[in-house]
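A.B. asks: The chain contents come next:
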Amino acid sequence: GAVVSQHPSWVICKSGTSVKIECRSLDFQATTMFWYRQFPKQSLMLMATSNEGSKATYEQGVEKDKFLINHASLTLSTLTVTSAHPEDSSFYICSAETRGHSNQPQHFGDGTRLSIL
Amino acid sequence: QQQVKQSPQSLIVQKGGISIINCAYENTAFDYFPWYQQFPGKGPALLIAIRPDVSEKKEGRFTISFNKSAKQFSLHIMDSQPGDSATYFCAAIVSGNTPLVFGKGTRLSVIA
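Chains A and B supply the protein sequences, listed in that same order. For the first sequence, this note's numbering gives the first residue as 1, with consecutive numbering after it. For the second sequence, this note's numbering gives the first residue as 118, with consecutive numbering after it.
I should point out that these hints are in silico values taken from the structure, not numbers from a laboratory. Glycine included, C-beta positions come from ideal geometry on N, C-alpha and C. Warning: the hint list may mix true and false statements.
Restricting the straight-line Cα-Cα distance to at most 27 Å, the calculated cross-link-like pairs of lysine-lysine (BS3-like) are [unchecked claim]:
(1) A:Lys41 / B:Lys132
(2) B:Lys221 / A:Lys64
(3) B:Lys175 / B:Lys188
(4) B:Lys185 / B:Lys175
(5) A:Lys14 / A:Lys64
(6) B:Lys188 / A:Lys41
(7) B:Lys175 / B:Lys221
(8) B:Lys221 / B:Lys122
(9) B:Lys132 / B:Lys174
(10) A:Lys41 / A:Lys66
(11) A:Lys20 / B:Lys159
(12) B:Lys174 / B:Lys221
(13) B:Lys188 / A:Lys66
(14) A:Lys14 / A:Lys41
(15) B:Lys221 / A:Lys41
(16) B:Lys174 / B:Lys122
(17) B:Lys188 / B:Lys221
(18) A:Lys41 / B:Lys159
(19) A:Lys14 / B:Lys159
(20) B:Lys174 / B:Lys185
(21) A:Lys41 / A:Lys64
(22) A:Lys55 / A:Lys41
(23) B:Lys188 / B:Lys122
(24) A:Lys64 / B:Lys159
(25) A:Lys64 / A:Lys20
(26) B:Lys174 / B:Lys188
(27) A:Lys14 / B:Lys122
(28) B:Lys132 / B:Lys221
(29) B:Lys132 / B:Lys175
(30) B:Lys221 / A:Lys66
Sample of chain A residues lacking proximity to chain B, with all beta carbon distances greater than 12 Å (derived) [claimed, not checked]:
(31) Leu26
(32) Thr75
(33) Ser89
(34) Arg99
Please build the complete structure, drawing on both the sequences and the hints.
C.D. replies: Encoded structure:
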């Protein structure tokens, strides 16, 4: 149990377009989801904490208007990279807080590799 | 975020050897210490975890040693195999709706 699905797994798009990444908890409800960004050979960097029905909490240095997060239901959070540029190319990973549904506090999706041309 | 310091940055171990990765933390409120394994292009997957009331936990070839007084914990991989080659992250968390705090990762290469 406690499966987190992330879609798409890989996206390539032109500079200036917006890209939406979905994070779903498949068999449990997640009131809290987290979005991370990971550059090559580096650790996961927390971008924001997403709470169902309320505004996301962004980490210092993360542009709220650039990275739009919506957590409209207990099983879905979305991250939209608006007007993407090559420097936004990265590996984006979500995790969902399991709250008693698992023996671990969070489960991770398999990530989305975003490449901006 | 409170920091979790991880070392070494990279590690090369011969097949059959022991891989050891160390982490240190500062925040005594942390109450769960997981280790994650990440393969290229994949999200991190939980390998093994420990809570501070236990000094050691073993699951198969993987063992966590935890030293509460020193605020340190380590991962030991016994009989390391080429399939263990991956990046390993230690992490820590205060239970509740809080994010994991990750170490910087260790790239392990197990050579035959």
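A.B. asks: With reference to the structure, classify each hint as holding or not holding.
C.D. replies: Structure-based check of all given hints:
no.	hint	in the structure
1	A:Lys41 / B:Lys132	holds, 23 Å
2	B:Lys221 / A:Lys64	holds, 25 Å
3	B:Lys175 / B:Lys188	holds, 19 Å
4	B:Lys185 / B:Lys175	holds, 17 Å
5	A:Lys14 / A:Lys64	holds, 21 Å
6	B:Lys188 / A:Lys41	holds, 26 Å
7	B:Lys175 / B:Lys221	holds, 23 Å
8	B:Lys221 / B:Lys122	holds, 7 Å
9	B:Lys132 / B:Lys174	holds, 23 Å
10	A:Lys41 / A:Lys66	holds, 24 Å
11	A:Lys20 / B:Lys159	holds, 19 Å
12	B:Lys174 / B:Lys221	holds, 22 Å
13	B:Lys188 / A:Lys66	violated, 38 Å
14	A:Lys14 / A:Lys41	holds, 24 Å
15	B:Lys221 / A:Lys41	holds, 9 Å
16	B:Lys174 / B:Lys122	holds, 21 Å
17	B:Lys188 / B:Lys221	holds, 17 Å
18	A:Lys41 / B:Lys159	holds, 13 Å
19	A:Lys14 / B:Lys159	holds, 24 Å
20	B:Lys174 / B:Lys185	holds, 14 Å
21	A:Lys41 / A:Lys64	holds, 25 Å
22	A:Lys55 / A:Lys41	violated, 31 Å
23	B:Lys188 / B:Lys122	holds, 11 Å
24	A:Lys64 / B:Lys159	holds, 26 Å
25	A:Lys64 / A:Lys20	holds, 15 Å
26	B:Lys174 / B:Lys188	holds, 16 Å
27	A:Lys14 / B:Lys122	violated, 37 Å
28	B:Lys132 / B:Lys221	holds, 24 Å
29	B:Lys132 / B:Lys175	holds, 20 Å
30	B:Lys221 / A:Lys66	holds, 25 Å
31	Leu26	holds, 14 Å
32	Thr75	holds, 16 Å
33	Ser89	holds, 14 Å
34	Arg99	violated, 8 Å
Comparing the model with each numbered hint stated earlier shows that hints 13, 22, 27 and 34 do not hold.
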